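Participant: Listed below are the residues making up each chain.
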Amino acid sequence: MDLLIVEDDDAVASALLAAVSSAGHKAERVFRGSDALLQHRKAAMILLDLGLPDMDGLEVLRKLRQVTLNPVIILTARDDERSVIRGLRLGADDYLIKPVKLNELLARIEAVARRMGRAAAPSSELTAGDVTISLDHRTAEVAGRALSLTPTEFELLALLVKHGGSIATREQIMDALWGDAFAAASRSLDVHLTGLRAKLGRPGYIVNVRGVGYRFEANPP
Amino acid sequence: MRVRVLGVLGILSLLLVLGLAYSLLSAGSRELTQELQINRVASLNRLAQVATEAAASNDWTVLQTEMDSYSNLYGEGILVHTQDRALASGALDPNRADVKDAFFNASLNLSLTSVEPLWPFGPSSRLVSRSFGSANQVLGEVVLEVNTAAAQAKLRTLWLLVIVAAVILEAGLLLLAARVTGWVLRPIHRLNSAVLELEATGFMQQLPQDGPPELRELSRSLTTMAAAVQESLDQQRQLIADTSHQLRNPVAALRLRADLLQLQLSDGPGREGIQPVLAELDRVEGLLDGVLTLATAENRLSEGQARQAVGPSSSAGARANPALIAQEELERAGAAAALNGTTLVWGPEPAGDVDLDCNPLELAQMVGELLGNAIKYAAGGTVEVSVAAGPGEVRLDVSDDGPGLPAEQLASAVARFWRAPQHRGIAGTGLGMTIVDRLARANGGELVLAAVHPHGLRARLVFPR
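So the protein lines, in turn, are chains P and F.
Counting along the first sequence from 1, when you hit position 95 you're at 94 in numbering that gives the first Met the number 0, and nothing is skipped either side.
Counting along the second sequence from 1, when you hit position 359 you're at 358 in numbering that gives the first Met the number 0, and nothing is skipped either side.
Think of the hints as simulated: they come from the structure by calculation, not from any bench.
Honestly, I wouldn't trust all of these hints.
Claimed, not checked - In silico contact screen, one side only, chain P against chain F (beta carbon under 10 Å); selected entries: (1) A76; (2) D189; (3) N207.
Stated by the list, open to error - Sample of chain F residues with no beta-carbon within 12 Å of chain P, all distances over it, derived: (4) R3; (5) L17; (6) D83; (7) A85; (8) I162; (9) Q235; (10) R270; (11) G443; (12) A449; (13) R459; (14) F462.
Predicted, not measured: the structure shown is a model, and the values here were computed from it.
Note that CB positions come from ideal geometry on N, CA and C, so glycine has one too.
Modelling step: build the complete structure from the supplied sequences, incorporating the hints.
Facilitator: Here's what the structure looks like:
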């Protein structure tokens, strides 16, 4: 896959280039936000730093989102909740905080890519780690064990797995389940999540990202 | 200080007003007395003249007519004694003691021609007397009654005027003194409360420039000093935040390089060698996260204190439901707990409304930190989280049945980078409890650590409501 790395720190940029190359991706690196806006068309995915010399990364993201739906992963040193939430709200597909482990970086890139691929060609079978979901039969299995899920729990699980390891915000989930992103049903989402977690059997499949939403972890520790 | 300054100024102004009133009144009284005296002594002299002539001609009718017309006109009695006769006009009793004294003195050629200073109240009858006769012989005595009622009435009016004026003047002076005292003291009080505020919160609002020039100067210096203190604190905090932020890039590069190296050294002896490097890298990352979180928490703390100093009403009230947050954090911690065999227990469901004023994200962060600590140090045991509402407060407890901390270590547990000597073997930064403590205080609450019987630690977050 062709990646565009927007990063002003040379050491990080070269390490990132080496890292993604090790997984067989091709990558190009730009230094400034304005270059990113010029060159994004060549890349299938963008790794975006927020602290750029010419403009703020969130501004780059906002402008990118006006012209492209290509996946954007924010990789930054900014770890305050406000930046995380704003980044994801502005349309980033994932938000990683430096320093990030190589495996995690590659897994997130794959997860986002997988999700993009699914969006293009919907399949009736979803798999993530031990979990298999059949959208046609509306059944789900964990390591061969069939789960008896309520319709809402099934929708919830399918939605999280479809996001393929990247974060689904509470608003996205509520919008998909109830058709209303700002419903007062926030509490009932918690109820369904608790039920789903109990049925999955192992804690750690559904990771609560504080203040943002939820992420499906295919291989929990 | 205000009372003392005002007291001194009040006494001084009272003395001033009394002195002024006294001199005015005595001058008035003297003038009236003098006028009366000059007037009556002239009359007395004239009567004595007439009496002398009457004695010379032995014709007393002129004198009697003169006396009668005088008494009719002025209503004051006159008595004239000679050796062989006594003439009287008006209503002056010849048997009054002072009248007799006056005759006696006059017969000794002692004239009584001065009138005692007048008082607004008191006897309204005075006497003047003199003898008459030729140069070598006293022929008789004249006693003239002086009726002072009219003069006293005038004097009373004067007293009334002066007293009213004095009261008004004194009130004006006291008012002026109060204004001056306030003008001098207001900046002092303000400086004082500003210094107290600076001491308590490390934050001081701009002082208005008024009052005497010296105090204005002082308040300017104080504002400058406070700004310098604040700025240096801010700079220090910013430096920590910036440094750890700037460190993230090289550490990120290092982490990726080390992971790549490990991947490339997939077999062979080098793989063993890189493990300690990765472990150290984990520690550096943990420290970096801790220091940055602490810097943010301390920033929030000083913000919170500044807000409290301005007034409780302005605290933007973010509400948090601690029961909901605690359950969410229990879920999140579930994976870590399952890994080291710790049991997580959600305590009795709290009765009624336990919502409290706290940033929900920060409350989640605090509970998460406390849970992480408990799972780490009480591995394999049971960790219970409970929420309860007490009178005027909400308590959130995270208690474990691990080894706990001895009493003398409980107090130092919230100090930066403090780690219990017996826990050196367990990875950690010594920043977790510090962060929880700062965040709790930033939200108006506090962290209380206590021992659990028979062993274990209870971390309690107490928030007022």
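Participant: Taking the shortest Cβ-to-Cβ distance between G443(F) and chain P, state whether it exceeds 12 Å.
Facilitator: holds, 20 Å
Participant: Under the criterion of a CB-CB separation shorter than 10 Å, is D189(P) in contact with chain F as hinted?
Facilitator: Holds, about 7 Å.
Participant: Does the no-contact call for D83(F) survive, Cβ to all of chain P over 12 Å?
Facilitator: Non-interface label on D83(F) holds, nearest chain P Cβ at 127 Å vs cutoff 12 Å.
Participant: Using Cβ atoms only, decide whether A76(P) comes closer than 10 Å to chain F, and label the hint accordingly.
Facilitator: holds, 4 Å
Participant: Mind verifying the non-interface call on F462(F)? Its CB should be farther than 12 Å from each CB in chain P.
Facilitator: For F462(F), whose nearest Cβ neighbour in chain P is about 19 Å away, the distance exceeds 12 Å, so it holds.
Participant: Close enough to count: is the Cβ of N207(P) nearer than 10 Å to one in chain F?
Facilitator: Holds, because the Cβ-Cβ distance from N207(P) to chain F comes to roughly 5 Å (cut-off 10 Å).
Participant: So is A449(F) really clear of chain P, every C-beta pair being over 12 Å apart?
Facilitator: holds, 27 Å
Participant: Is it the case that L17(F) keeps its Cβ farther than 12 Å from each residue Cβ in chain P?
Facilitator: The claim holds: L17(F) sits with its nearest Cβ about 72 Å from chain P, beyond 12 Å.
Participant: A85(F): least C-beta distance to chain P exceeds 12 Å?
Facilitator: holds, 119 Å
Participant: Looking at R3(F) again, its CB stays over 12 Å from all of chain P?
Facilitator: Answer for R3(F): holds, closest chain P Cβ roughly 54 Å.
Participant: Take a quick look at Q235(F) and tell me if its Cβ sits farther than 12 Å from every Cβ on chain P, holds or violated.
Facilitator: The claim stands: Q235(F) keeps its Cβ more than 12 Å from every Cβ of chain P (closest is about 19 Å).
Participant: Mind verifying the non-interface call on R459(F)? Its CB should be farther than 12 Å from each CB in chain P.
Facilitator: R459(F) clear of chain P: closest Cβ-Cβ about 22 Å, beyond 12 Å.
Going down the numbered hints, you'll see the structure goes against none, and every one checks out.
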